[in-house]
Amino acid sequence: MAPALESSFFAHQALLELEKGTGDPTSQLQEAARIIGADLSSSCNHGTGYTGVFQDAESNKKQKPSAPKEAWVLRWLMKKLKASSPQREELQTNYRLHTQTWILLRQLLERIPIKPLAFILNEHKFLQILKHSLADIMDASNASPERLGFQESLHSESSATIQGSPVSEALKRGQKRKRTENGLDSVEPQGAIRGSWIDTFCAVLKSVKTLVALGHEFSGVESASHSHLQLVLRGEPQTAAAILGQSFVLTRKVVEKWDKRFPELHAQLMRALSATLDIWRLSSERLCDATNLSSDNTFSSYCLSEALHLLMVLRQIGTEPAENTNVIQSLERIVVLHFVLPLRQSFYSIDPMKTMNTNDSPDPSVIKHVLKGVHSRWGGSNGRSNTELLPILLDVAVRAVPRDTFKRQVHEAPWLETLFVALSTIAGCPLFDEPSWSTSHKDIPVLENLFQVTIDRKSSLSIDTIRRYAVRFSGLVGGEAHQATEWSLISKLILTGVDVFLPNPGFDGMENLLSNLIDRITSFSLVSNIMPNETYGVIKTTIVIPLLRGFAAARAIGSFLDIWSDQLTSIEAARLIGRDIFYLFVWEDDDLAAALRPLVTDLFSENQTKDHLQVILSQHSFDDEENAPRHYADILLLDAIWEPRLQEGDSMLQGESLAQAFRIVSNLVLSKRQLAWRWRLWRLSQRFVDHHSSTPDDVSVDLSTTLLPKAIDVLQSFHNQEFPTNISRNDCLEAFEAFKFVVLVAGRKDFAEYNEYLNAIMPRIVPAFNQVTRFTGAAWDGRVDTMVSPQTVCVGYLVVLLATPLAVTRLTSENRGLLFNNLLTSVERFEYYISNPLSRQAVGSSLECQLLEIWQSFTSNEWLLETPAAVYDLVNTILHHLKEKKVPRHLSIASLLGVPTRLIPRHQRGMLLDFLQQTMLTGQLSCGEMCTDILTLMTRLADLPKSSAQITSDWEEPWKLSDAISIRKEDSSSTLLPFQSFRQLHKAIIGRILVSSDVQRSLYFQKTFDKVCATIQKYDSSNFDTMGFFMLVLSLGTLHTHQQHFDCNLKIETLNALREKVLNILISDLRSIEREMEKKSEPPDVNTLTGILNALEYFEDMVRSRKDARKAIRKVEELLDTMSYDPPTNRLVKRRLVSSYKPGKDFEKVLMKWLSLFPVDQLYDHDHQLFVRDIRHKLSTLSEKKLVRLVRQIRESGFAGQDAAHRLLLTGVAISCFEPIESPDTQASHELSSLFPSLSQCLIKTTAIESFSLATECLEMLLRNQSRSITQWNIDNILGTLSVVISAQGPKIAGGYAGVVYSRICHILSLVFGQYRKKLSGRFHLILPLMQRLLRLLFTPSPRLQKSSRSQFAPPPWVDNQTANSFLHKRSHATQYTRLLTALCDPTVSAVQRVQRSDSGLTDNTKKLKSIAGQHLQYLVMEYTGCQLRGQLAPELKAALMPGFYSVLDVMSKETMRGLNAAMDSSSRAVFKSLYDDYVRFGKWNNA
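All residue numbers for the sequence shown refer to my numbering, where the first residue is 1 and numbers rise by one.
Treat the hints with caution; some may be incorrect.
To be verified - Straight-line distance between alpha carbons at most 30 Å, and here's what the computed BS3-like set of lysine-lysine pairs gives:
hint : residue 1 : residue 2
1    : Lys1011   : Lys1051
2    : Lys1051   : Lys1107
3    : Lys1111   : Lys1007
4    : Lys1245   : Lys1107
Said to hold, decoys possible - Restraint ranges, calculated between C-beta atoms of paired labels, are given here:
hint : residue 1 : residue 2 : range
5    : Pro945    : Glu1100   : 26 to 36 Å
6    : Asp1085   : Arg315    : 56 to 66 Å
7    : Asp591    : Asn1277   : 55 to 65 Å
8    : Asn770    : Ser657    : 53 to 63 Å
9    : His907    : Asp1360   : 55 to 65 Å
10   : Asp1360   : Ser1234   : 27 to 37 Å
11   : Glu1100   : Thr1026   : 20 to 30 Å
12   : Ser1072   : Glu1196   : 38 to 48 Å
13   : Leu526    : Asp591    : 15 to 25 Å
14   : Asp781    : Thr1041   : 51 to 61 Å
Just so you know, these hints were derived from the structure itself, not from any lab.
Bear in mind the structure is a predicted one, so any value in this text is a computation, not a measurement.
Note that the Cβ used here is the ideal one computed from N, Cα and C, for glycine as well.
Can you build the whole structure from these sequences, using the hints too?
Right, dumping it as structure tokens:
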């Protein structure tokens, strides 16, 4: 910043020159800034704006020094702002449109003392200047809608600094201008700034915000100064309203155009906008009258449309930051205060007889009165452009009135309904025929949005009002034949009040509405063209199904069934006469049938449904072909009513009715009539399968002689057609449903006669699976309307078999083999998609990919465990395909990996293992994913007992296999290298050898030793082109581990010498890699480095004593940290370094550095588990003193930040290495006692479930294993901490982990209650709140709970949503809570007192603790009764909780129970009585 002028004389001269100056605004503003020593460019940093006012609030409250120069400049600036011309041709001289003007003003506001500042601003009428400035900015925004200047200011480098700035040239060259983070304060180019109105507007708002903030600072400190500033901001309501309206318009334009890459721009703009709201608040309060009518009218005239527009735009933004929410709430508040409430008051000033009738539509005179009030207050209400604001206004009005009780809802309903009608009238949709309301334009979408507001906000409308809207605007009733049906509006009408479309003789025209709606829906299906999916979805989902629910709620479901039947009859009659109509319409849709079944639950609906069934079965004749449409309707309704399949004990159809239904269905199926809906008969026949399975002796339902033979004939006929292209959809559906019927019968009846039908048809069906690969259609979604081709039928067959494992079990072995063989043949060409997810995703919607997914399901572990009989045939089929191919397919190997190996027969395991070994020995497989998978599969097979494979018995076979496995240099990732897989295979082989006879075991090790001695001579350096060298390392490790199995001829010294030689080779090669990395600065070969690191694992005992080995490993680790390298190999280096590292002072930092490579959310990853195992092995070798020092280092570092989870993991490993401490006075005991509160505090502050779980694991280990180190203070601390965890101040963990958090808390409490009962004496004031809060979490709060109760019983953040409740309300959690109650009320003797006391003392102490528990836990019973009244408890949770409360009542004395009962109100007493009665009947101990 340039220094201020030292001499007052020169300053005075400069100010005079400034007054006389006629230069351009830029130079003049820079000169003014130079005079007062201000830097306009540095002020452009948004961090020094109005936020700085609050940061320096304490210093600003002190008396500011006089600032005469700044006051002079402020007067000059005010004059320039007043004299600026708004004319377009003089924009170059308009100070109002310069961002620097307002930057200078903001600095002046911060420097000048309050009193002179207020005087100057008031003298020059600052609000008038602000009003005109915003008007000029609005003109500029209209002239430049594309933000030209704003974008230039964001991206232009020429505007890096402002010419004439006192910043030195050297500083300019060193500071290249960068775009600000949010773009709000980017510096403007020199000269006119036409188009960059956004920056100018933001600068204006910041200046106003600074001024308003100054007023808030001195409020209550200097009353005189505060009054002066209030006087400046309190202007005429018209002026303040104009400022507010202009600010709303400009803010809306900015929000509509803002760049979402800079969210900070939006946030700071919203914060600054609140200053204009403060100006309006002060100005509107100046009238000091009771009604503020002038301010209300002024606001409505100037600001209402603008406020609603801005509100609409802000609500459309996807995210809602805090600034957005604050502005939205402020906008809603002023709209309610100045428009809604006055209008409501005017409404209730009318005759109550006209306003309080809630049964009929609003009186037209009342509507006129409200309309008059709207038009008089809102001048722009008649504009077409403002009709889109009407739903926003209605939403604000609905939310403004109190409706939390039924009485208030009834009281406010007339007002809200009248306002709704008035706003719809403005939208061109009046409720009555009134000449003054008639308009040529009807804005139906706005009317729909108004109805949507009433639906979302649960605001009721009278039936008569909804009926009138339905008659006038739905298109269902009208003289114009060409009038379009407004389906969307009808759906809103039904959701608002479905009673309008129900038969109700109390209102005229209701029957016509219903009949017209039904006719329109049905006639819509008779159009001979393709129906739009959107319209069909609206009719089905939001009209017909809600209409069905409405009929059920009105106990008139029988009437709906009659309507449904009539419409089905009409549609089928139209089809029979040749009408080209939609194949399946809404009346035939399965979704409508699915919606019916849950509604037939109450007695009325069930009886009406039964009556309809009896009419169909007894009064309708199915022999007359002329009544085929009626037959179709009856069959479809039977299918809908019996969906899902009949279960045992279903009372809908029994006895003779069931037999009659079977006769009807079987006769229609067996008849020779040409029925296009015969597939529905087959689907209906599936309902009889369960009944026939439960009552096999019932001869009235005979499947074997009627339907099953016919089903076989249908399937044979279908598959004899060789899949012509013109096959009908009905034939496809009939074949699918017939096959499904056969499978269901075979899957439920274990009789040969039923299984024969399925086995008879499978050879005809299975070959058709090959046709699926020739079809490029879309995948089948499981719906009947997409079963359009024979290929889709084949996919449906497979889905049915997949869903019925028992039916596949009852196939013959030949048929299962045929099924698997054809399916595998069909999908083998899609093997590529298994290993390439992107390609699979590209064709994920095709039948071909669906066929592949079905095969993967057949070979999945879960399905095969349910179908063990299919394992042999599946493995046999895959093995046969493997033998046919020269190179095995990855699909076959991946399929075998999913097979449970223990279900594979022993001889088949041997054959498969020998085949896989021979495949590897051919050398045709290069290393990669295929090789790794084969080795994994061989490991699983070799690990099973009694294997007949050569590799598990012949010592030479593993060596041959290792030489055959080649490693490609192209395998750049260690995850594809076979070291781990080959190690596991070798381990499995050795495991089989160890359980063999002593002679075989001794011979195997002798041969292996000889092989090692002969092979080691070939190697002067390691070679990982094959697995031969690694096999040598594995053999040395095995011989070293199992030395006890050697005979006397085998010398241990020779083995040690061999190990030493191999280790020297590995270290030498590791040094070579180190030198190459230092020389070329390139990453080493992954294969070689990974092989060396894997081999070093078998020499850990020798590496610890070799300084050169540790140095080489550490050096390679340091070099790898400087370059991008394979992550698994990098982690492997860390593991080797841990195993060889000697702990030092920085041991904790080193371990944390290594642990950071392993994500905490992957604790079960194999590499992660091995690494943690290595760390624990290393820590277990430390002395207790070093362990204490390590724990202290971790504790002092804290458990916060990004590495908190890793620190907790390391802490848990360290704690597990401590031996049980006997003396509480040792250093280790003190350190563990100090660690306990640090861990408990982490439970509150953490936001990740991983950190929370790890902290609780550490606490549990301390409580369980280190009881001598746990002090009384630790117990009090954990009880208080857990109370905070389950309070509203608890950890902000995701709701999906609510069940985990609850279980962890219960585990800790169970340890405290069980092992530390002596430390709980006198601590029930800590236990009781904790148990009460845990109990509340098991209840679902009632939605009708009062706000005061909600705030009082606020749940913790980790359960404050519906998803969390679903995870929390489980029986297991209630059982855990019951165990806690049992531990409190019935403690064990060992937990109460030490063993050396007498038996009588033990008994007396136990009784005493039970009595104390009964005295305190009476309040828990009282909490239970309150929770029952405030919320809901699932039956299974209540059953699990009862034993716990029975134990509480057991320890309560009769006097305590009487006092508890007397302290309750009547409702709680009733709940307690029910609990006590259950306790007496089921839970009380009977002394007899």
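Verification of the supplied hints:
no., hint, result
1, Lys1011 with Lys1051, "15 Å, holds"
2, Lys1051 with Lys1107, "27 Å, holds"
3, Lys1111 with Lys1007, "36 Å, violated"
4, Lys1245 with Lys1107, "44 Å, violated"
5, Pro945 with Glu1100: 26 to 36 Å, "31 Å, holds"
6, Asp1085 with Arg315: 56 to 66 Å, "59 Å, holds"
7, Asp591 with Asn1277: 55 to 65 Å, "57 Å, holds"
8, Asn770 with Ser657: 53 to 63 Å, "45 Å, violated"
9, His907 with Asp1360: 55 to 65 Å, "60 Å, holds"
10, Asp1360 with Ser1234: 27 to 37 Å, "33 Å, holds"
11, Glu1100 with Thr1026: 20 to 30 Å, "25 Å, holds"
12, Ser1072 with Glu1196: 38 to 48 Å, "42 Å, holds"
13, Leu526 with Asp591: 15 to 25 Å, "21 Å, holds"
14, Asp781 with Thr1041: 51 to 61 Å, "57 Å, holds"
The structure fails to meet hints 3, 4 and 8 from the earlier list, while all remaining hints are met.
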